[in-house]
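Undergrad: Sequence:
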Amino acid sequence: MDNARRETLLLAPYAMHAADSAGRRHEERAHAYRSPYQRDRDRIVHSSAYRRLAYKTQVFTSPLLASPHLSRRNSFSQHGGGYHRTRLTHTLEVASVARTLARALRVNEDLVEALALMHDIGHPPFGHAGEDVLNARLEGEGGFNHNAQALRIVERLEQRYPGFPGLNLTHEVLDGQSRRAYKPTRGSVVPDGRESPLLEVQIVDAADSIAYDAHDADDALELGMIEFAELETIELWRDTVSRVRQRFASLDAKALRRATIHELIDRQVSDLLDHAWRRLEELRPDSTGAVRHAPLIAEASPALAEQKRPFERFLFDRVYRHPRVLAQRMEATAALGGLFDHAADTADTLPAPYAEVARQQSPQRAAADYVSSVTDRFALEAAGALAG
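All letters in the sequence shown, in the order written, are residues 6 to 393 by our numbering.
Calculated directly from the structure, the hints in this document are not laboratory data.
Note that the structure is a prediction, hence the values are computed from the model and not measured.
There may be inaccurate statements among the hints.
Derived CB-CB ranges, DEER-like [as the list claims (entries may be wrong)]:
#1 A27 x R250: 47 to 53 Å
#2 H347 x R199: 38 to 44 Å
#3 D25 x K259: 46 to 52 Å
#4 P315 x L14: 41 to 47 Å
Under the rule of at most 20 Å between Cα atoms (straight-line distance), these lysine to aspartate or glutamate pairs were calculated in the EDC-like manner [unchecked claim]:
#5 K259 x E232
#6 K259 x E237
#7 K313 x D276
#8 K313 x D213
#9 K313 x D257
#10 K313 x E240
#11 K259 x D271
#12 K313 x E237
#13 K259 x E227
#14 K259 x E235
Ideal Cβ placement from N, Cα and C applies to all residues, glycine included.
Full structure from sequences and hints, please.
TA: Quick look at the structure:
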């Protein structure tokens with residue numbers, strides 16, 4: 006059975022069918038047994054930028070990512086070793102949640118997976134801390150945004166194929182990534198004449214939120230940065246724990262924590278699916294065009310969204326702003342700033358294609374492209390060598 010026939014049988018009319026793709030910027034022959042979105046997924050997985058996510062910080066930098074130049078007092082080595090997420094494991098978890106949602110809602114799983122695997126490849130070392138450094142250094146040149154950087158990577162910086170620059174991904178994947186910088190308000194049609202994203206794009210955004218809410222809390226608990234009892238002051242967490250305890254009479258602390266994380270993910274996924282099916286029943290979209298002109302479909306219900314807000318505020322205040330995280334951030338971003346300055350000063354000696362960016366755009370943009378591409382460990386060791 007060819008792919009078009011398979012999608013006709015399996016996918017809903019509001020899903021993005023590969024046969025309806027707008028194609029690629031550089032025309033290519035159709036593959037014998039892979040759909041366009043399967044090829045996109047494979048190109049992302051085989052890219053250098055994707056592989057480097059294994060050595061980039063999600064929230065917490067560990068000795069597995071860092072180097073002796075990062076002070077031991079600011080590392081998390083004494084708490085769980087390599088337990089906590091890297092940018093790659095976060096990406097895989099997002100892809101897992103997104104595929105579950107996509108299958109349940111009968112949309113294109115291959116497109117969803119390509120979008121999910123691509124969504125964070127533009128992140129620099131040290132996560133959002135590194136992004137802030139590069140954004141400040143590029144003030145006056147458009148700034149730095151990891152969503153936009155992902156597009157630069159797949160359209161220009163990856164040099165893996167002889168026939169075209171970048172990865173030559175489909176227009177649907179590129180458009181989906183470009184929309185990540187703009188997130189419409191809940192339950193509204195996108196203003197200013199812009200259309201809503203494809204349902205596949207909406208699903209990846211939702212899966213990202215579901216994954217990092219649960220897993221950042223899990224990592225913070227494992228690392229001893231917060232206590233389980235503190236989270237029980239938050240309604241979303243408290244209600245989720247109550248559900249677990251109704252199912253399991255007695256669990257030790259570790260088993261309770263893990264069961265709560267599982268339940269928190271399942272609860273959010275189930276809520277989103279219930280809300281999405283109600284919205285689909287109400288709107289009855291019969292094409293991707295109908296989805297684009299409708300309010301957002303793949304989002305949490307208003308009730309759960311209200312519960313998520315104080316939970317996410319707690320994570321921001323008690324985890325992302327934790328003194329040890331902030332101390333690590335200061336040390337790491339100082340190193341990244343020094344590396345950027347050196348790269349900008351010597352941009353003509355940077356590896357291709359960064360030296361070409363320096364000639365065509367600016368040394369600062371080339372430095373940002375280069376520095377954002379390296380791993381945490383490389384950035385720290387290079388900065389240490391520069392410091393003498």
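Undergrad: Between the alpha carbons of K313 and E237, is the straight-line distance 20 Å or under?
TA: It holds: about 14 Å lies between the C-alpha atoms, which stays within 20 Å.
Undergrad: Is the straight-line distance between the alpha-carbon of K259 and that of E232 20 Å or less?
TA: Cα-Cα ~12 Å, so holds.
Undergrad: Holds or violated: are the alpha carbons of K259 and E235 at most 20 Å from each other?
TA: 16 Å, holds
Undergrad: Verify the CB-CB distance for A27 and R250 against the hinted window 47 to 53 Å.
TA: Given a distance of about 50 Å, which is inside 47 to 53 Å, the answer is holds.
Undergrad: Is the hinted pair K259 and D271 satisfied, with a Cα-Cα distance of at most 20 Å?
TA: The given pair, whose Cα atoms are some 19 Å apart, holds under the 20 Å limit.
Undergrad: Within 46 to 52 Å or not, the Cβ separation of D25 and K259?
TA: 48 Å, holds
Undergrad: Is it true that the CA of K313 sits at most 20 Å from the CA of E240?
TA: Roughly 9 Å separates the two Cα atoms, so the pair holds.
Undergrad: Can you confirm whether the C-alpha distance between K313 and D213 stays at or below 20 Å?
TA: Distance of about 14 Å is within 20 Å: holds.
Undergrad: The hint says 38 to 44 Å between H347 and R199; measuring C-beta to C-beta, is that right?
TA: Once the Cβ atoms are compared, 40 Å apart, the range 38 to 44 Å for R199 and H347 holds.
Undergrad: Checking one constraint from the list: CA of K259 to CA of E227, max 20 Å. Satisfied?
TA: 9 Å, holds
Undergrad: Falls inside 41 to 47 Å, the C-beta gap from P315 to L14?
TA: 44 Å, holds
Undergrad: Taking 20 Å as the top limit, are the C-alpha atoms of K313 and D257 close enough?
TA: 26 Å, violated
Hint 9 from the earlier list is the only one contradicted by this structure; the remaining hints agree with it.
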